[in-house]
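Q: Let's have the full structure, built from the sequences with the hints guiding it.
Which chain is which? The protein sequence lines are A and B, in order.
One point on numbering: in UniProt numbering, the residue at position 27 of the first sequence is 27, and numbering is uninterrupted.
One point on numbering: in UniProt numbering, the residue at position 23 of the second sequence is 23, and numbering is uninterrupted.
Honestly, I wouldn't trust all of these hints.
Here are the simulated lysine to aspartate or glutamate pairs, DMTMM-like style, with alpha carbons at most 20 Å apart [claimed, not checked]:
hint	chain 1	residue 1	chain 2	residue 2
1	B	Lys34	A	Glu121
2	A	Lys90	B	Asp109
3	A	Lys34	B	Asp211
4	B	Lys34	A	Glu214
5	A	Lys30	B	Glu35
For the record, the hints were derived by calculation from the structure and aren't laboratory data.
Protein chains: 2
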Amino acid sequence: MNNIEKSVKQHCGKILSVGLICVDVVSVAKQYPKEGGDSRLLGTHWQKGGNAANTSAVLSMLGNKVDFFGAIPIPKKSDFHGQICVGFIKDKMESYKVGMDNVVERAGDALPFSTVLNNSENGSRTILHYRKGLEELKYDDFAKIDISQYSWIHFEGRNITEVLKMVERVVLYNSDDRHETITISVELEKPRRANSIELLTHADLAVVSQDFAEFNGMSSAVEAVQYYMGSCKTGAAVVCAWGAAGAASGVVGSSKPIEMTPAFPPKCVVDTLGAGDTFLAGLVHSRSRGHHLSAAVEFACRLAGCKVGFYGYEALRDFKHN
Amino acid sequence: MNNIEKSVKQHCGKILSVGLICVDVVSVAKQYPKEGGDSRLLGTHWQKGGNAANTSAVLSMLGNKVDFFGAIPIPKKSDFHGQICVGFIKDKMESYKVGMDNVVERAGDALPFSTVLNNSENGSRTILHYRKGLEELKYDDFAKIDISQYSWIHFEGRNITEVLKMVERVVLYNSDDRHETITISVELEKPRRANSIELLTHADLAVVSQDFAEFNGMSSAVEAVQYYMGSCKTGAAVVCAWGAAGAASGVVGSSKPIEMTPAFPPKCVVDTLGAGDTFLAGLVHSRSRGHHLSAAVEFACRLAGCKVGFYGYEALRDFKHN
Chain A
1 MNNIEKSVKQ
11 HCGKILSVGL
21 ICVDVVSVAK
31 QYPKEGGDSR
41 LLGTHWQKGG
51 NAANTSAVLS
61 MLGNKVDFFG
71 AIPIPKKSDF
81 HGQICVGFIK
91 DKMESYKVGM
101 DNVVERAGDA
111 LPFSTVLNNS
121 ENGSRTILHY
131 RKGLEELKYD
141 DFAKIDISQY
151 SWIHFEGRNI
161 TEVLKMVERV
171 VLYNSDDRHE
181 TITISVELEK
191 PRRANSIELL
201 THADLAVVSQ
211 DFAEFNGMSS
221 AVEAVQYYMG
231 SCKTGAAVVC
241 AWGAAGAASG
251 VVGSSKPIEM
261 TPAFPPKCVV
271 DTLGAGDTFL
281 AGLVHSRSRG
291 HHLSAAVEFA
301 CRLAGCKVGF
311 YGYEALRDFK
321 HN
Chain B
1 MNNIEKSVKQ
11 HCGKILSVGL
21 ICVDVVSVAK
31 QYPKEGGDSR
41 LLGTHWQKGG
51 NAANTSAVLS
61 MLGNKVDFFG
71 AIPIPKKSDF
81 HGQICVGFIK
91 DKMESYKVGM
101 DNVVERAGDA
111 LPFSTVLNNS
121 ENGSRTILHY
131 RKGLEELKYD
141 DFAKIDISQY
151 SWIHFEGRNI
161 TEVLKMVERV
171 VLYNSDDRHE
181 TITISVELEK
191 PRRANSIELL
201 THADLAVVSQ
211 DFAEFNGMSS
221 AVEAVQYYMG
231 SCKTGAAVVC
241 AWGAAGAASG
251 VVGSSKPIEM
261 TPAFPPKCVV
271 DTLGAGDTFL
281 AGLVHSRSRG
291 HHLSAAVEFA
301 CRLAGCKVGF
311 YGYEALRDFK
321 HN
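A: Structure (structure tokens):
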């Protein structure tokens, strides 16, 4: 199978996005609140949240067939609020046409949520995440999925021990010559998870966030790509976006130097919540169509730049893409 | 009627608390979040909120007969979330035994809410209030109430034009010698309402918050009491609490100097949300029993000091009071 055939195959294949889904309760403030203050909100709304859920929704809006794989509670009958939360995210995912057949439903647990402060002056988002009582995805849940239907599986870097086993299952599947290869992408985003670096070992596309890189002592996107290349296999693409500074990318073992792609900020930055998840969706979308890494990174930068100019994700429906 | 008789009459009388009721959605953070960060919450819970609602609940816990007067929406049948919010605050007020018969119910409007960040390190509360679509109380709503059943009416300083008319109705009622006098208290708390000073004119007890005083250029509780005495009638008690610095108080026209009462902070300050409303309830409770101003202020300081040592209000049930 030559490269063009492979990219067509991947294009027609389905993507699976593995990780968190939650409710984002967004409060839009005129400015970032001063501690101890008492101010009025400009607005408030709910969004579907969670990195993997956001990425799957954007991938679907870009025209890909996508399934989401994560845990969702089945609230008790008496828990009306829980039912509303779960109903909300299910409706949202349906509206984005993301497949939810693989979702693991667990009785009686509470859906995680994030309280998000949006600063309308600069579009910054401050996330306060809460989860209690909803067990994370297990390898055993993942083992039940027929992965042969997917050409690409993306893993959100959380719940590391279990997700590592899931990644290894895909690696084992790929090692069988009779199988079409499933491309593996991994995102390390949360600054609190220093041990998640192991997940990079088998990734074809490894994406590390600025937060994660800074938490681990890096001071630029290029430095981060350089450093994390050391944890990736030969041929893996490594990408790190660094806000307004743009994104660095490189391929392990390539003679090409690490490349810096500029950001494409809108005139006015309105809402950076989910910008990283959108960037990632842009990368997966473009790479799964066989585009070169530098083209994919530019596409992802443009897509994320479009997103931060609007609240939420709906404006991405009008984004002109390749 | 001598002073003792009067205090007994007031003790047996009922208190009406006029103002806001809302849901406080409290997020407990390890520290105050840095803008743009992504952190985990330690916990999250709902509380009944709104200054006048909080004050009425604490007054009831102290053994007073209290009614709350404010606006509550009747959510649409399809608005399950709205129904949960309204059900929550109604249940809470019932559990606090606060009378809700006077409450004005308006169809189809959304209950206001506050997103509150509690910093578990120092107990600070940062309030982000949201209201849309629920009309404020009108004078016409208040005109329907039989105020003769109350010996004390407390007004939260908001929606100034309408509340001023309500206060004037009580003043007119009091001017009829056949009526028992209704004591009037007014709280000016929100820093954004510089025009609310007019409300002080008819107050028997005027309470201004540190936030309000600072917003208007004061730099201490004593300075604030001195200044706002100028807006109050002869004989009115004027009080300003200033956090850990304690509270200043004085009586307009009295030869006694303005007095400073120390705060009574607990060993560990856990939750300052509603501390001002609790302080106010302590003042009204003690004054309505005929206690001297300085004793009432000390009681209020002790009560508020007790409250900030615990989350919520339940611990106040065990507060030893006079």
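Q: Which of the listed hints are not met by the structure?
A: 2
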